[in-house]
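Starting from the structure of chain A, add chain B where the hints point.
Those protein sequences? They're chains A and B, same order as listed.
Taking full-length UniProt numbering as reference, the numbering of the first sequence is continuous, increasing by one, and the terminal residue is 318.
Taking full-length UniProt numbering as reference, the numbering of the second sequence is continuous, increasing by one, and the terminal residue is 318.
Treat the hints as calculated values from the structure; they're not laboratory data.
Predicted model only: the values in this text are computed from it and were never measured.
One should not assume that every hint holds.
[Unchecked claim] Keeping only pairs whose Cα atoms sit at most 30 Å apart, straight-line, the calculated DSS-like set for lysine-lysine is:
no.	chain 1	residue 1	chain 2	residue 2
1	B	Lys209	A	Lys209
2	A	Lys34	A	Lys94
3	B	Lys172	B	Lys153
4	A	Lys7	A	Lys84
5	A	Lys152	B	Lys152
6	B	Lys94	B	Lys7
2 protein chains.
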Amino acid sequence: MAEVKNKQVVLKDYVTGFLKESDLDLVENTITLKLPEGSNEILLKNLYLSCDPFMRNLMSDIGILEKFLPYAPGSPLFGYGVAKVLESGHPDYKKGDLVWGFTKWEEYSLVPSSRILFKIEHTDVPLSYYTGILGMPGMTAYAGFFEVGLPKKGEKVFVSAASGAVDLLKNKFGFDDAFNYKEEPDLDAALKRYFPEGIDIYFENVGGKTLDAVLLNMRVHGRIVVCGMISQYNRAQPEGVTNLGNLIMKRIRMQGLAVTDYYPMYHKLVEYVVPKIKEEKIVYVEDIAEGLENGPAALVGLFNGRNVGKQVLVLARE
Amino acid sequence: MAEVKNKQVVLKDYVTGFLKESDLDLVENTITLKLPEGSNEILLKNLYLSCDPFMRNLMSDIGILEKFLPYAPGSPLFGYGVAKVLESGHPDYKKGDLVWGFTKWEEYSLVPSSRILFKIEHTDVPLSYYTGILGMPGMTAYAGFFEVGLPKKGEKVFVSAASGAVDLLKNKFGFDDAFNYKEEPDLDAALKRYFPEGIDIYFENVGGKTLDAVLLNMRVHGRIVVCGMISQYNRAQPEGVTNLGNLIMKRIRMQGLAVTDYYPMYHKLVEYVVPKIKEEKIVYVEDIAEGLENGPAALVGLFNGRNVGKQVLVLARE
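Just chain A, with the same shape it has in the complex:
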């Protein structure tokens, strides 16, 4: 059986503090491009890998997010990606299928069929979009905003950590306004300036001091969709949030979101977003890095605001 080379990005050891490129290693392994007899696994050729902040959690010995299995030092990272099925031991998938879901940071992966793998039906949009707007991040935004946030017409929405330059957010993405928190010495004052009547829905990706400032500026019956707390993932000890008393008098609902709960309604995202992409009613920007060897830098870049748009790593274009 033909063995081929299989480059991988592996975690050297558990990480404390800020992720550095030197925490990751590029190694070369081999893989047999043939399923073992009787296996119901799926053999994938990875095309696009998604760089996602949650991956940092899985690099801690004990993550901020309990009960989520961390990466094993010496083993390749895993995460979301787009792949092509080379061989399938499972009846739901067949050779040549394009899928998105959980795969590993390597050229070829053998994954159990129990893993989350969605078949890609629409190939008239860029395949890489299934790492972002049509993948896990898109589903997170869709479920968080519509299913948890329950927006009503006219409400004011604040999203933290909307990647990209302020000009880009305002002129290209169509946000009413945007600011760079690094240029705002007083976040509370900034929010009061941008939201003089307060915030109805806060899409929380940051945590810590940002959450504290937002709590002061929420409106009565506001909703906080807790999707991530990226400011905390690189810290040994999370920052304390001191303004939770606001939840009471303002009757705020603060609700954690795990996108996997909403995967059964993934078709709703596709139906909603694919036409909007084709009609160019949604603006979507990607930041593309090429090749596994550039993976560590791309991943580290998420945490210092280097990327503009969704950070994708291309391994192969089919």
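Chain B in isolation, oriented as in the chain A frame:
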């Protein structure tokens, strides 16, 4: 017109840190027991006053709970109580009516008819109960548990700051278990012992370190009903809560409760609780202090665990 003496408990000055009896003063004023011509106010004889933790918030210059008018130094405290209508300028109330709602810490009060005043229909239960189980605290428990907590059969519920001795909670009130947090050096370990499978509903009255320990022990899809944060009210700076990351992976809903939102369904509480009181299916304990002069001590006692059961102050028994 006959003027009568009117004893009052007044706030001396804004309070920082723990409330002390010396922060309050007993003064004697006079009041004319006659409504001004054309007034639509209501003249009340106060019978029972309720000692409630939220009153501490109103003694801070800037409260932990924004946008709630603090007490004015030199003026009597206000809060919930049971009173008898002496004269009414409003058609909904008439002389002799028994009411519960917002009144002041004094013998006689002139209150605007816009204040929350519920007419007491059932007088075959002790009137003082309308400061507690049949008043604001009862409505808070009812709405918080049933309307916000949405309990399902078999779920595990943790209530912080259930007043009273542990033996009382277990043997008299019928709790499955109870512990004194002051005797637990490690709250996380205590919760793991009492809730080996985790907590589905947390009725939050305490905040700070208690909330942090509970967050570690919540179950997936748990609900945190945020009703109060008594541990924070006496602090100049609130404690930081560090374990909010648990909201995400456990998809926890944390929701602030303001009981006033639920007053339109007050009749549901009465229908639910009055029969249970008469059939002795609900055990209810009061801690009774007599006379306005004992008001400051009764109020201060809330914050050092002195009272057993609902702290009531009796001014007159009709």
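Hint by hint, here is what the structure shows:
{"no.": "1", "hint": "Lys209/B to Lys209/A", "result": "holds (18 Å)"}
{"no.": "2", "hint": "Lys34/A to Lys94/A", "result": "holds (14 Å)"}
{"no.": "3", "hint": "Lys172/B to Lys153/B", "result": "holds (23 Å)"}
{"no.": "4", "hint": "Lys7/A to Lys84/A", "result": "holds (17 Å)"}
{"no.": "5", "hint": "Lys152/A to Lys152/B", "result": "holds (29 Å)"}
{"no.": "6", "hint": "Lys94/B to Lys7/B", "result": "holds (24 Å)"}
Hint compliance for this structure: no hint is broken.
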